[in-house]
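There are 2 protein chains.
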Amino acid sequence: MIMEKIKQAVGILDEEGTDLWLTFVRESEVNHDPVLDLILGANCTWQSAFMIPRKGDPVAIVGSLDEARIRETGAYEVIGYTKSIKEVLLAQIEKIGPESIAINHSVNDIMADGLSHGMYLILTGLLEGTGYAEKLVTSEKIVSKLRGRKSDEEIRRITAAVELTEELFDRVSNFMKPGMTEKEVAASMLQEADKEGVETSWERELCPSVFTGPESAGAHAGPTDRKIEKGHVLNIDFGVRVEQYCSDLQRSWYFLRDGEISAPPEVLRAFDTIRDAIALAAEKIRPGMEGRAIDSLARNYIVEKGYEEYPHALGHQVGRETHDGAGLLCPEWERYGNLPYLKVEEGQIYTLEPRIQIPDYGVATIEEIIVVRNDGGKFLSHLQTEIFLV
Amino acid sequence: MIMEKIKQAVGILDEEGTDLWLTFVRESEVNHDPVLDLILGANCTWQSAFMIPRKGDPVAIVGSLDEARIRETGAYEVIGYTKSIKEVLLAQIEKIGPESIAINHSVNDIMADGLSHGMYLILTGLLEGTGYAEKLVTSEKIVSKLRGRKSDEEIRRITAAVELTEELFDRVSNFMKPGMTEKEVAASMLQEADKEGVETSWERELCPSVFTGPESAGAHAGPTDRKIEKGHVLNIDFGVRVEQYCSDLQRSWYFLRDGEISAPPEVLRAFDTIRDAIALAAEKIRPGMEGRAIDSLARNYIVEKGYEEYPHALGHQVGRETHDGAGLLCPEWERYGNLPYLKVEEGQIYTLEPRIQIPDYGVATIEEIIVVRNDGGKFLSHLQTEIFLV
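Going down the list, the sequences are from chains A and B.
For the first sequence, the working numbering assigns the number 650 to the initial residue and increments by one for each residue that follows.
For the second sequence, the working numbering assigns the number 650 to the initial residue and increments by one for each residue that follows.
Chain A on its own, in the form it takes in the complex (with noise of 0.2 Å):
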């Protein structure tokens, strides 16, 4: 995967006319740069860097005691320093030659902002003189293909990701009931992963989160001790990794008050209203749109139907990662940067999660995963038709 995904890279510098990526990391363990999971699976302790050419093989500087290791994962030629990265790295940037050095920085996208201020400042200092640091772009739009651009094996692993946490939700709509806290529903449901021996997509203490009834706290919070009552509406957000991969969805459910036999009106035309944003949103989503035209039809879908707008992105990339970078489907909000203008690609993998707040039961939200064709989103998970009753 790793030898897959370089060569990917080296499509992708040619395409945007780079002649060198060059990540450049310490002590990747404790600052780790997320692109090192694409390109070289490992960790290394000193500086090093690792030069992806646009021309030529791929070559990793790095500390001796290091090199080892390196080397074990086969992808680059390996040269080891002692006391210095500086004679080797110019040395090697001087044989390339490079008209511009693509570096791990970038204020719209977190997976293409690995480098560190610190390590900047270095690089830029171990640069200075030669004329190659004028010659740094960032490499957000490198690490933006190559993250987005799923192989069918990538979406091979999500949709088994995807497909076992549907699995832990049927297995969690059979247990719940009134009178259970949000953190027994929790506990029951990372038992049921444990037993399937995966690791949830994001923090345990988060995943999965849980939310009960119309005072539950807003997403991102970790599951309380508050009691499902007969007339809340419950969701659970909650992802597994398969091989290193990771799924992320949302389900809702409405729990049934003594002689009801279906929701409420007013939850069910929630649901309802999320559930046709989604598959507006799936069914009109094209390359080469870009993100806030995707997010503005779900958004104005609700808006529309007298609801307030959601407070975050329509949906964003699922991968080795759970926010998995750029681009996101989300409205022109300043926090976001560029992103709502970058163009949505054939191949990448995105979430649909609107959600809706209902006075006096809960929040209903679902969360879908598509993969995205030239003919429209495909789903790789099944879109929730129904809340479901309990």
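Keep in mind that the hints were calculated from the coordinates and are not lab data.
One should not assume that every hint holds.
Identical copies go unnamed one by one, so any copy, or any two together, can satisfy a pair.
[Said to hold, decoys possible] With a straight-line Cα cutoff of 20 Å, these simulated SDA-like cross-link-like pairs (lysine to any residue) come out:
{"id": "1", "residue 1": "Lys-744", "residue 2": "Gly-996"}
{"id": "2", "residue 1": "Lys-832", "residue 2": "Glu-716"}
{"id": "3", "residue 1": "Lys-790", "residue 2": "Leu-770"}
{"id": "4", "residue 1": "Lys-832", "residue 2": "Glu-721"}
{"id": "5", "residue 1": "Lys-784", "residue 2": "Leu-770"}
{"id": "6", "residue 1": "Lys-735", "residue 2": "Pro-960"}
{"id": "7", "residue 1": "Lys-735", "residue 2": "Glu-716"}
{"id": "8", "residue 1": "Lys-735", "residue 2": "Glu-981"}
{"id": "9", "residue 1": "Lys-732", "residue 2": "Gln-1006"}
{"id": "10", "residue 1": "Lys-732", "residue 2": "Trp-982"}
No experiment lies behind these values; they were computed from the predicted model shown.
Based on these hints, arrange chain B on the given structure of chain A.
Just chain B now, with coordinates in the frame of chain A:
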């Protein structure tokens, strides 16, 4: 512990004459600023600012979806935002009116370098025109002091991790024998660690590292299928985490050849040399000395005995991370930046870990852990006085 560390931080701000310490992060689970473990103990998704002023209360500005979970930490007044952090952030800075704002970038210390270059660009963009961008300084002294000065509770946890590691070394002594591979030794140690319910100090693929014989790989490499033979020197580098704090120790063994009752003289002489170099460094270390002075004591001792100098630092700090940041007991090599010149402080915890290559036998290493006191280094581990015989 978080509250204790924040209080300690305020004292250090006062010592350093710094008005505000600002930790600026996003998606901190992916791009994790290591200071968050000391001052927050949680993660956040959107752009977030954790502000610890010299005077006044700590404030956290976080995305609205993160509000609940950050409030749960109990350490900050929490302010949420939805569309942009700018207005709230500038208002809070204005309220403090700092003459200096420390941010987490450092060319020298990875632990103080959690700010990505992209986030640095965002921050200076947000501050543009306010005059505060010119007041940004590195937090490296603050972080170094905060991580380095271990409280009694921190020392207790590290000591517990050291003792458990020594116990696991004892067990491995009992089951190692010629014919076993490095991988088998490593797997058995991991099994023992799993029984104790502890995690390794660094990634399991390299923890323990096991090196047997004269042709073993360099440090920082994983165990291989190389088999232990009679006449091999073998060393293991291992550590475990107890209540989030790490140990990091190395021990050496010799496998007797038929008819031998002790290791050959050249093995004994090399082993004794590193043991005595460690004892010397522990005896002479004092608060106020520069790290390079301690390193050169041990380094010169070894070189004077006719051996090559070890190709790394004499010792690093240990704490929440195995490599717990500046200062370092290291030589004046370019790649160490200003670290050789940092002064040792009372309450810091260091490893001491010289190595000697013994031709035809293997590498002898010992790694011990000391806490720095006014009258010298006090061992938290039990110095290996003789090479273990199998």
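- Message: Under the constraints set out in the numbered hints, which ones does this structure not fulfil?
- Response: 1
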